[in-house]
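Construct the entire structure; sequences and hints are all you get.
If you want the building blocks of each chain, they are given just below.
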Amino acid sequence: MPSIWSACCEELERELPRQQFVTWITPLREQDSAAGSLRLVAPNRFVMQWVRDRYLARIETLASEAAGLPLRLVLEIATAPAGTADDDEPGAGALVSESDEADTEDVTPVRAEPQPTARVTGPAARADGAPDRSNLLDGFTFESFVTGKANQMARAAALQVAEHPGTSYNPLFIYGGVGLGKTHLIHAVGQRLRLAKPNARIRYLHAAQYVSDVVRAYQQKSFDDFKRYYHSLDLLLIDDIQFFTNKDRTQEEFFYAFNALIESQKQVIITCDTYPRDIAGLDERLKSRFSWGLTVAIEPPEQEMRVAIILKKAAAVGVELPEEVAFFIAKHIRTNVRELEGALKSVLAFARFNGKDINLEVAKDALKDLLSLHNRQISIENIQKTVADFYKLKTSDMHSKKRSRNIARPRQMAMALSRDLTQMSLPDIGEAFGNRDHTTVLHACNTIANLREKDPSIGREYLVLEQVLKG
Amino acid sequence: MEQLPLILAPAPPPTLDNFVPGRNQTVVDALRRFLADPASDRSIYLWGPTGAGRSHLLSALAEAARAEAIAVYTLNEMPPPSARRLLLLDDVDQLDVDGQQAAFEQINHALLLGARVLASGRAPARSLELRDDLRSRLAQCLNLPLEPLNEADKRAALSSRAQGAGVQLAASLLDYLLSHSPRDMGRLMATIEALDRRSLVDQRAVTLPLLRQVMQALDEQRTASTPTPHGEPE
Numbered sequence: 043m044p045s046i047w048s049a050c051c052e053e054l055e056r057e058l059p060r061q062q063f064v065t066w067i068t069p070l071r072e073q074d075s076a077a078g079s080l081r082l083v084a085p086n087r088f089v090m091q092w093v094r095d096r097y098l099a100r101i102e103t104l105a106s107e108a109a110g111l112p113l114r115l116v117l118e119i120a121t122a123p124a125g126t127a128d129d130d131e132p133g134a135g136a137l138v139s140e141s142d143e144a145d146t147e148d149v150t151p152v153r154a155e156p157q158p159t160a161r162v163t164g165p166a167a168r169a170d171g172a173p174d175r176s177n178l179l180d181g182f183t184f185e186s187f188v189t190g191k192a193n194q195m196a197r198a199a200a201l202q203v204a205e206h207p208g209t210s211y212n213p214l215f216i217y218g219g220v221g222l223g224k225t226h227l228i229h230a231v232g233q234r235l236r237l238a239k240p241n242a243r244i245r246y247l248h249a250a251q252y253v254s255d256v257v258r259a260y261q262q263k264s265f266d267d268f269k270r271y272y273h274s275l276d277l278l279l280i281d282d283i284q285f286f287t288n289k290d291r292t293q294e295e296f297f298y299a300f301n302a303l304i305e306s307q308k309q310v311i312i313t314c315d316t317y318p319r320d321i322a323g324l325d326e327r328l329k330s331r332f333s334w335g336l337t338v339a340i341e342p343p344e345q346e347m348r349v350a351i352i353l354k355k356a357a358a359v360g361v362e363l364p365e366e367v368a369f370f371i372a373k374h375i376r377t378n379v380r381e382l383e384g385a386l387k388s389v390l391a392f393a394r395f396n397g398k399d400i401n402l403e404v405a406k407d408a409l410k411d412l413l414s415l416h417n418r419q420i421s422i423e424n425i426q427k428t429v430a431d432f433y434k435l436k437t438s439d440m441h442s443k444k445r446s447r448n449i450a451r452p453r454q455m456a457m458a459l460s461r462d463l464t465q466m467s468l469p470d471i472g473e474a475f476g477n478r479d480h481t482t483v484l485h486a487c488n489t490i491a492n493l494r495e496k497d498p499s500i501g502r503e504y505l506v507l508e509q510v511l512k513g
Numbered sequence: 020m021e022q023l024p025l026i027l028a029p030a031p032p033p034t035l036d037n038f039v040p041g042r043n044q045t046v047v048d049a050l051r052r053f054l055a056d057p058a059s060d061r062s063i064y065l066w067g068p069t070g071a072g073r074s075h076l077l078s079a080l081a082e083a084a085r086a087e088a089i090a091v092y093t094l095n096e097m098p099p100p101s102a103r104r105l106l107l108l109d110d111v112d113q114l115d116v117d118g119q120q121a122a123f124e125q126i127n128h129a130l131l132l133g134a135r136v137l138a139s140g141r142a143p144a145r146s147l148e149l150r151d152d153l154r155s156r157l158a159q160c161l162n163l164p165l166e167p168l169n170e171a172d173k174r175a176a177l178s179s180r181a182q183g184a185g186v187q188l189a190a191s192l193l194d195y196l197l198s199h200s201p202r203d204m205g206r207l208m209a210t211i212e213a214l215d216r217r218s219l220v221d222q223r224a225v226t227l228p229l230l231r232q233v234m235q236a237l238d239e240q241r242t243a244s245t246p247t248p249h250g251e252p253e
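Going down the list, the sequences are from chains U and P.
Following my numbering, the numbering of the first sequence begins with 43 at its first residue and continues without gaps.
Following my numbering, the numbering of the second sequence begins with 20 at its first residue and continues without gaps.
Take every hint as true, because none was put in to throw you off.
The calculated label-pair distances, taken between Cβ atoms and stated as ranges, are: (1) P:Ser-179 - U:Thr-481: 25 to 31 angstroms; (2) P:Glu-82 - U:Pro-69: 30 to 36 angstroms; (3) U:Ser-414 - P:Arg-241: 28 to 34 angstroms; (4) P:Arg-241 - U:Trp-92: 46 to 52 angstroms; (5) U:Glu-366 - P:Asp-194: 47 to 53 angstroms; (6) U:Pro-364 - P:Arg-42: 25 to 31 angstroms; (7) P:Ser-74 - U:Lys-410: 22 to 28 angstroms; (8) U:Glu-185 - P:Glu-82: 39 to 45 angstroms; (9) U:Glu-423 - P:Thr-93: 32 to 38 angstroms; (10) P:Asn-169 - U:Ala-322: 47 to 53 angstroms; (11) U:Pro-364 - P:Asp-151: 28 to 34 angstroms; (12) P:Ala-171 - U:Arg-96: 45 to 51 angstroms; (13) U:Ser-414 - P:Ala-102: 36 to 42 angstroms.
Everything labelled a hint here was simulated from the structure, so no lab data went into it.
All C-beta atoms in this analysis are idealised placements derived from N, C-alpha and C, irrespective of residue type, glycine included.
Now the structure itself:
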């Protein structure tokens with residue numbers, strides 16, 4: 043235990059400002075920790091309170107990471123008689139208690155840093171009392187996963203694995219582009235397994251997180267704990283394995299963890315943006331092992347499936363979306379599910395802000411920025427070219443000294459648009475129009491403003507050009 | 020030796036209240052809701068041209084969040100050990116390779132922690148030139164466009180800032196400023212700040228010659244420090 047506390051101290055010393063570390067962390071003493079817990083003694087109530095309020099969750103996380111298994115943190119004041127009966131009772135200054143609000147002032151049970159488990163459907167602590175470190179996200183279930191041709195193979199395989207972990211396809215390797223539901227699917231496996239076996243040791247993590255864990259274990263010389271933790275899982279869900287590229291030490295560690303898990307028939311599920319053989323900078327041994335089980339692809343969703351996804355996401359936030367709106371979004375956003383979701387949010391927010399019912403017109407209005415190819419970075423060159431095209435002139439006429447009405451008026455129009463649609467200074471605008479003075483620009487703007495009021499056709503032309511330029 | 024002014028009216032810190040909304044009232048409302056309403060969207064991406072007020076709004080939200088006991092952190096900081104966290108990512112379109120990796124990891128982490136995310140950039144997330152996996156995550160946020168202020172709103176905002184510093188800006192000075200300076204709010208506000216400061220240092224009244232002197236000095240500073248970090252069209 044002392045080595046775990048010193049590992050925590052090292053880390054805290056790095057994370058905290060020097061003065062905070064000296065004031066609050068160095069006075070803490072590790073003492074008589076029981077199995078599965080870390081017992082820290084503070085010199086007085088003030089320090090104890092402060093540490094409990096600010097650092098307790100962090101210390102617990104660090105201690106658990108250093109130990110490679112979840113640790114309870116017991117925090118006490120030195121003057122309190124050591125070894126009172128409370129010590130080993132769950133909830134006495136421990137972190138696992140769920141009732142974090144109502145309590146006596148002395149032994150406030152403090153909950154660990156709320157992991158997403160707090161929002162997860164199901165118990166926040168596992169049935170055996172250990173805190174849940176699975177990282178599973180609620181909402182990512184098989185029920186909320188929309189199936190179509192693009193992903194039915196992957197879904198079927200995932201379901202099979204969830205029901206028979208370790209014995210059907212091991213590893214299950216799911217690959218596909220960004221935002222197509224790989225992460226959703228592997229969380230769903232975790233959720234399903236947890237429902238069936240609440241005590242299963244499940245861990246979801248992103249490959250980049252595994253890389254950092256290896257680095258930390260290396261720095262703290264805690265590879266034994268690291269190994270013990272990862273080799274003890276029942277289900278390892280690891281996302282975006284392409285992040286292992288050229289990380290040799292990580293790949294080596296993962297190779298051992300992978301072998302240990304597969305040998306003891308523990309399930310491994312891996313996602314990647316590409317087929318195992320095509321991952322650049324990955325050890326051949328890993329590539330071949332990744333192909334031992336089943337490799338399935340997730341393709342981009344076809345249009346009907348995109349419609350179904352949008353309708354389901356809308357329903358999830360309690361909105362009954364008109365089908366034509368779902369079709370409109372699905373028709374225009376083809377890339378991935380995240381963008382579909384973003385577009386849906388824009389439509390819902392737009393309708394809410396403007397107090398309108400959701401219909402096709404509202405959807406078109408809401409998405410006009412997202413769907414336009416331009417992104418409203420309008421340049422003077424762009425304005426000059428658009429205006430010249432519109433009035434069937436040459437772009438060079440915009441810079442020329444010619445003052446005939448049929449050229450001067452469009453040029454004034456272009457200047458006025460430049461002033462309204464860019465943030466450039468008037469002298470800069472003048473310069474871009476054949477080195478004219480800023481007063482010429484001002485005059486042009488005033489002329490066009492007057493004409494727009496008096497002459498409806500000029501007013502219309504201005505609006506048309508503005509729309510064209512804005513996309 | 021130059022007399023250093025006693026700063027009587029330091030630039031007011033950006034807040035939601037001192038943001039001049041112009042056509043962006045719904046965005047301001049959405050941001051208030053973002054903090055206050057647990058059922059609102061958990062992640063927002065603000066986009067708009069330079070000077071539209073993105074950084075103002077991000078700073079304002081950071082302050083408002085801290086007032087609500089929400090822990091605020093950004094790109095290279097460790098997520099705070101608090102249940103209520105807000106990740107701020109300004110100018111994501113400027114991120115280099117490492118920055119994109121960090122942003123990607125922070126956003127993933129925020130998702131697992133249940134943290135809120137507020138990001139900003141110059142274009143809608145879909146059209147940013149970023150890594151696919153980062154771009155799609157930003158596109159998944161509620162994307163809100165910020166429109167630059169129109170001329171009348173700019174005048175109002177500048178007068179009000181000047182008044183806050185105890186300076187009465189004559190209409191002719193505003194005319195001059197708006198017809199000679201780049202018209203993004205960042206630059207205009209900076210000019211007003213510099214004008215205020217210069218008039219205190221030199222103990223001169225705020226006049227057109229002083230304004231011209233300040234604008235020229237700012238221009239020189241700017242040319243000296245090119246290339247501009249944001250590559251504004253100049």
